[in-house]
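Peer 1: Chains as they are written, first to last, in the numbering used here: chain A, 1 to 275; chain S, 276 to 622.
Don't read these hints as lab results, they were simulated from the structure. Values in this document were obtained by computation on a predicted structure and should not be read as measured data. For every residue, glycine included, the Cβ atom is placed at its ideal position computed from N, Cα and C. Accuracy of the hints is not assured; some may be wrong.
Beta-carbon label-pair distances, calculated as ranges [stated by the list, open to error]:
{"id": "1", "chain 1": "S", "residue 1": "434", "chain 2": "A", "residue 2": "175", "range": "17 to 27 Å"}
{"id": "2", "chain 1": "A", "residue 1": "266", "chain 2": "S", "residue 2": "433", "range": "36 to 46 Å"}
{"id": "3", "chain 1": "A", "residue 1": "213", "chain 2": "S", "residue 2": "385", "range": "53 to 63 Å"}
{"id": "4", "chain 1": "S", "residue 1": "451", "chain 2": "A", "residue 2": "173", "range": "21 to 31 Å"}
{"id": "5", "chain 1": "A", "residue 1": "109", "chain 2": "S", "residue 2": "414", "range": "44 to 54 Å"}
{"id": "6", "chain 1": "S", "residue 1": "458", "chain 2": "A", "residue 2": "213", "range": "42 to 52 Å"}
{"id": "7", "chain 1": "S", "residue 1": "304", "chain 2": "A", "residue 2": "215", "range": "41 to 51 Å"}
{"id": "8", "chain 1": "A", "residue 1": "247", "chain 2": "S", "residue 2": "461", "range": "52 to 62 Å"}
{"id": "9", "chain 1": "A", "residue 1": "35", "chain 2": "S", "residue 2": "618", "range": "48 to 58 Å"}
{"id": "10", "chain 1": "A", "residue 1": "215", "chain 2": "S", "residue 2": "560", "range": "17 to 27 Å"}
{"id": "11", "chain 1": "A", "residue 1": "72", "chain 2": "S", "residue 2": "618", "range": "26 to 36 Å"}
{"id": "12", "chain 1": "S", "residue 1": "433", "chain 2": "A", "residue 2": "173", "range": "22 to 32 Å"}
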Amino acid sequence: MSTPMTAAVFGTDEDPVALRPVWASLPLSITEAAAPAQLVAVDGRTADWVADLAAALDSGAAGILLRAPSPGQDPDDIAALAVRAASRSIPVLVESAWATDPAVDAHRDSIAGELPSMALIDVLSTIGAVDPQRPTLPAVALDQLHLLRAIGVEPEQVQLSRWSPNSFTIVASRGPTRLVLSAVIGNCGPSKARVSARGPGSESSLLVFGSSNARPAEAERTDAAGTVRLPSLYESASRAAWRRLHAAAASGAVVDQLTGLAADLRRLATIGPLS
Amino acid sequence: MTAPLGVGVLGAGPVTQAIHLPTLARLRDKFRVVSIMDVDKSVANSVAARAGATATTSEDEVLDDPAVDVVAICSPHQFHAAQVEAACAAGKRGILCEKPFAVSRAEATQIASVAGSASVALVVGAMHAYDPAWLNARAKCGELIETAHTIRSTIVLPFNDRFEDWATEVAGRPTPGPRPDTTDPAVRAAMISGMVMGVTIHDLPLIRPFAPRLERVDFADFIAPFGGVISLTASGRYIDLVTYMRPLWRPEWTLDIWGEDCSAHVEFTPSYVHAGSGTAVVRRDGREVHLGPWPSNGYEAEWAELYDQVAGGAAPRYALIDLIDDLTYATDLAEQAAAWLLQGDRA
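If we strip away everything but chain A, and leave its shape as in the complex, we get (with noise of 0.2 Å):
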């Protein structure tokens, strides 16, 4: 039987009203409460959300899930947090778009395995032109990034191929491995980003619709002998992340995703346009 726990947005004027089906479909683990709350949330699309997260460290908080952080924040501010973080044994989830997918999680051992071998991995993410929640270019790159750490990939030696107002290619490399990154806004249904790890013998792929509702992710492998569908989840990234979330801060585990989201945030300060 899991601890409820109270939950709250932290630091903004957010009303927490997207957030209530997420926290009312984990009934036994949170309950809305007001701040000062057990967990809480932080914007990571406004401007201030280095300030509101420092806040929230201080705040009694036992755990922080930072929701959809924008780049352009100094990364060594993040890893300033991060050792802040650490310190006090707060865990601090990263909720990004693609990367907080359950099915990430869940089938990262059956892709990362064999992601060493893989000749060309190429991350397309396709996002809606009339998309309400249309994120920026550079927050799509960043969520890029946070994708491929989710899956154990962290790119080196990226660099900017090219960028304009609806689209951009980065190219990157891990070992021998060739990584392409790239986007597209326009008229391409829900927003999406597939991963495509291929390699001579092998291969796997996972495409995942984001966190607004629970289409699930469809992640593949394929290799000889044919293709395996790995199994579909039907929850939302959001849910999954407030419920990891909640596990971490009942648990006392050490949770720190501070110090990847700086690590990228620094990938993506070499790259001109996006950072």
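Assemble chain S onto chain A, guided by the hints.
Peer 2: Chain S only, in chain A's frame:
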């Protein structure tokens, strides 16, 4: 009823055996294979026998044969130009030339000039340009010519023999050469150029109308065993070409064209197979229109196009100037990608 046109074939390798003969076998009301030439006599004999045609090792014998109305040029690239000219000079009525139909703009212009003055119908075997899925998608998203901002071709395929062996039984398959040293920048540059002219070229005639002026290659890299990534800018539009060929069985061949208000996604079948057309999805105003598949593919359509031009006097779908521009687009891209890669490897 008009008698079927007699076909003479120059070059009887896997392309002829796996693509053109099975296609012509489905178009017996329009074509009959009369003569097959290959420099390897045993291959010529084997392939001609299965088609009920005459075998020869002589190009001239094919071109001098009055029963040959149209010529299929399926020889190695470097022979295409001379053979097209020879077929025109021999008074043939039509030519289907495998891509690339020349190796330079000068050569392509010369060929077009000869074909134009001889009034010979010329079709280049760019099957995707005739695929019903592509033609229907293009018809339904015409505004993308003006509004497209990003284009992507993804070609991930097993090696050709996997598909050749399902389309025919190949006689005299060429022996692979020694494995190239892909640590050598010059070899990598040559291979990415070869990738453009051998693989990417399938989709370049589809892409070019949306981005006709090649401005620059923004990035290029070779991927072993055979593939590469090329990013380029053309007519202010951004194009990514991702190609990877490897032993794994699973094919993926897609073309995406994105605009602010419309997008098109086309999925093609692999080369060599006779599995019907590709399929397409056109998105506009939050709605998707799914197109295809049709029962026949671009191989049949390109031969039907040649027939309609020769026997019916139909206007060509793609004018000679289009063929020249397509070829130039490919050769320029191949050159620039190779140069970029050499420059990048030196950096």
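Peer 1: Each of the hints needs a verdict: does it hold here or not?
Peer 2: Going down the list of hints, with the structure as the test:
1. 434(S) - 175(A): 17 to 27 Å: holds (25 Å)
2. 266(A) - 433(S): 36 to 46 Å: holds (39 Å)
3. 213(A) - 385(S): 53 to 63 Å: Check passed, 60 Å falls within 53 to 63 Å.
4. 451(S) - 173(A): 21 to 31 Å: For residue 451(S) and residue 173(A) the Cβ distance comes to about 28 Å; the hint holds.
5. 109(A) - 414(S): 44 to 54 Å: 46 Å Cβ-Cβ, so the 44 to 54 Å window holds.
6. 458(S) - 213(A): 42 to 52 Å: holds (48 Å)
7. 304(S) - 215(A): 41 to 51 Å: Taking Cβ atoms as reference, residue 304(S) and residue 215(A) lie about 49 Å apart, which means the hint holds.
8. 247(A) - 461(S): 52 to 62 Å: holds (55 Å)
9. 35(A) - 618(S): 48 to 58 Å: Roughly 56 Å apart at Cβ, these two residues keep to the hinted range, so it holds.
10. 215(A) - 560(S): 17 to 27 Å: Given range 17 to 27 Å: holds, Cβ gap about 21 Å.
11. 72(A) - 618(S): 26 to 36 Å: About 32 Å separates the Cβ atoms of residue 72(A) and residue 618(S), which means 26 to 36 Å holds.
12. 433(S) - 173(A): 22 to 32 Å: Given range 22 to 32 Å: holds, Cβ gap about 25 Å.
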